[in-house]
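Colleague: Here is what each chain is made of, one letter per residue.
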Amino acid sequence: MNFSWSDFGLSIGYTLGMVVISTLFAYLIGLPLGILLNVTSKNGLKPNKVVNTIFGVIVNLLRSIPCIILVVICMPWTRAWFGTGIGEWYTILIPLVMATFAFVARMVETSLQEVPAGEVEAIKSLGASSFQIITRVLLPEARSSLIAGFVVTLVNVIGYTSFAYNIGAGGLISDLYRYYTYHTGAFNDGTYLLDWVFWVMVIAIVALVQIVQEAGMFIARKIDKRKKVS
Amino acid sequence: MKQLVIEHLTKSFKTKKDVKLVLNDISLTVEKGDIYGILGLSGAGKSTLVRCINGLEDYDEGKIFYEDQVLSEFRNGKALKKITTSQRKDIAMIFQSFNLLQQKTVLQNVELAGQIHRMPDYQAESLKYLELVGLSDKAFSYPSELSGGQQQRVAIARALMTKPKILLCDEATSALDPETTLQILDLLKDLNKKLGLTILIIAHQMSTIERICNKAAIIDKSGIVENGYLKDVFLNPQTDIAKSLIYSNRVTTKLSDHSLIRIKFNGNADTPLIANIIQECNILVSIVYADTRVEDDKVSGQIIIKLPYYEEDVQKLKTYLTFKGFDYEEVNN
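Going line by line, the protein sequences match chains A and B.
Count along the first sequence from 1, add 3, and you get the number used in our numbering.
Every letter in the second sequence is one number past the one before it in our numbering, and letter 36, counting from 1, is 16.
Looking at chain A on its own, in the form it has when it is part of the complex (with noise of 0.2 Å):
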């Protein structure tokens, strides 16, 4: 197996196809999830114990699935969306979806739940509705931490990509396993290959992660106006 530059090119181009598309649905749905969950919870705006259990219920269950279960079992699914349930990178989207948005959802749910009650209150007596106390008061008073999430969601997913392999997705981690494996054997035998190939494709993985890392936190610092407690 050897290595090229275009090769490698179009697997970074696979990887963050897989990351952003998969973290664009995953709050499609765990956003307003994550919001109900809020929002029926105890403390709540509109408490409600039978949403808030069932929601919640679902949420762990899928929580719970380690991630290759989730691969194998949307495989049928992607076959009947894509035409094809393996090869071809978009047939990790479904799974990394499933894996992700469950967990935006309790990321969400967090975030809102860290803005003070008394802000709330103070909303609700001047007479807002429920839907402009989540629009205007509890989204855009948690924004900071519902970017950190974010960042946290996107690092998470990046990893969540290295199961791409047991599918034939492609994608960094995947071919970065596909070229280790491929000179070295399956089973580490204790040949390491540390090759210039090795370390560009594991510098590409690291210095991903941490552009997203840096620069996600330094705009979740940047719009936060709250007293910064040193």
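For the record, the hints were derived by calculation from the structure and aren't laboratory data.
Quick reminder that beta carbons are idealized off the backbone N, C-alpha and C, glycines included.
Be aware that one or more of the hints could be misleading.
Heads up, simulated DMTMM-like pairs for lysine to aspartate or glutamate below, C-alpha to C-alpha not over 25 Å straight-line [stated by the list, open to error]: (1) B:K118 / A:D227; (2) B:K61 / A:E124; (3) A:K228 / B:D117; (4) A:K45 / B:D38; (5) B:K58 / A:E124; (6) A:K225 / B:D117; (7) A:K49 / B:D38; (8) A:K45 / B:E53; (9) A:K45 / B:D40.
Here are some chain B residues pointing at chain A (derived, C-beta under 7 Å) [unchecked claim]: (10) R68; (11) S77; (12) A93; (13) Y122; (14) S124.
Dock chain B against chain A, hints included.
Modeller: Coordinates of chain B only, in the frame set by chain A:
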């Protein structure tokens, strides 16, 4: 004109183990333009009372009227009627912890109140109210950059945006230093005069209430124990709790072995009473407590003095006080 009438309001908090009664059969009438003080020790239930008024909390039994309309009504813990959005606009509230949105500027905080009700002129109105509370220059600051007093001013501006008729103040000055407290109280008094705003003030210190209130109610152990014009409550406290809130606790406990007499000044505090007693009755008296306050440009107040040792002197003193037209009573411990 009766503006806010609370009838037989009862509320209890249920925990797993027992039921704790926080408000027991509270009835209160607030007239338009009143600055009504509600005084009580911490945990007496006074905060819960105002939170019931503007619907932040439900109650078990009772009825609240606002301008002859039912504001809310509860029976057996079930709501027969809850406060409506338009009624919420009329009853604004400020809090002990100010509760400004931390991620919005001062101006955005005030504007939000107008945006909620889709007021077309919310921008101009916000600037107007910021000017009224004297914070135009802080419009683009964030709450974390302001002092406590400034934050409370912003909260007041925000509360005024919906053009309320009643302002509820839940320990609004408790987190502020004495000087800032006076400024905020004076601002409230000013708003009461300028806008005809009815104000309900919750406090645990007499000093907060006596500065601006015309009426006061004292809550103790879930119920109203004294209620009426501040002058009457202040000069004739009936219950122990009221007395302890009005005079400092030390006076009555430290001197429990002495007989004391309390003389009330009702607008005649400018006469040199003590000097006259000494000169004209030839009795030496010692003052253990004195307090004066100004209401409607009249000085009123009270003084507690130790009674003379000899019974004839006591009689002389009492005769003198009656002759001069002073209201007095013996304070027995």
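Colleague: Evaluate each hint against the coordinates.
Modeller: Quick rundown of the hints versus the structure:
Using a Cα cut-off of 25 Å, the hinted pair K118 of chain B and D227 of chain A holds, with the two alpha carbons roughly 19 Å apart. Only pairs whose Cα atoms come within 25 Å are accepted, and K61 of chain B paired with E124 of chain A is accepted, the gap being roughly 20 Å. As the CA atoms of K228 of chain A and D117 of chain B are separated by approximately 18 Å, the hinted pair is consistent with the 25 Å bound. This hinted pair checks out: K45 of chain A and D38 of chain B have alpha carbons roughly 16 Å apart, not beyond 25 Å.
Only pairs whose Cα atoms come within 25 Å are accepted, and K58 of chain B paired with E124 of chain A is accepted, the gap being roughly 21 Å. A distance of roughly 24 Å separates the Cα atoms of K225 of chain A and D117 of chain B; the hinted pair therefore holds under the 25 Å criterion. Simply put, K49 of chain A and D38 of chain B have alpha-carbon atoms about 14 Å apart, close enough for the 25 Å limit, and the pair holds. Of the supplied pair hints, the one linking K45 of chain A and E53 of chain B holds, its CA atoms being roughly 24 Å apart against a limit of 25 Å.
A threshold of 25 Å between alpha carbons decides the hint, and for K45 of chain A with D40 of chain B the separation of about 20 Å falls inside it, so the pair holds. This hint holds: R68 of chain B has a C-beta 4 Å from the nearest C-beta of chain A, less than the 7 Å allowed. Evaluation of the S77 of chain B hint against chain A yields a held restraint, the C-beta minimum of about 5 Å falling below 7 Å. The closest approach between the C-beta of A93 of chain B and any C-beta of chain A is roughly 5 Å, which is under the 7 Å cut-off, so the hint is satisfied.
Residue-level restraint check for Y122 of chain B holds (minimum Cβ-Cβ distance to chain A is 4 Å; threshold 7 Å). Hint status for S124 of chain B relative to chain A: holds, with the closest Cβ pair at about 4 Å, below 7 Å.
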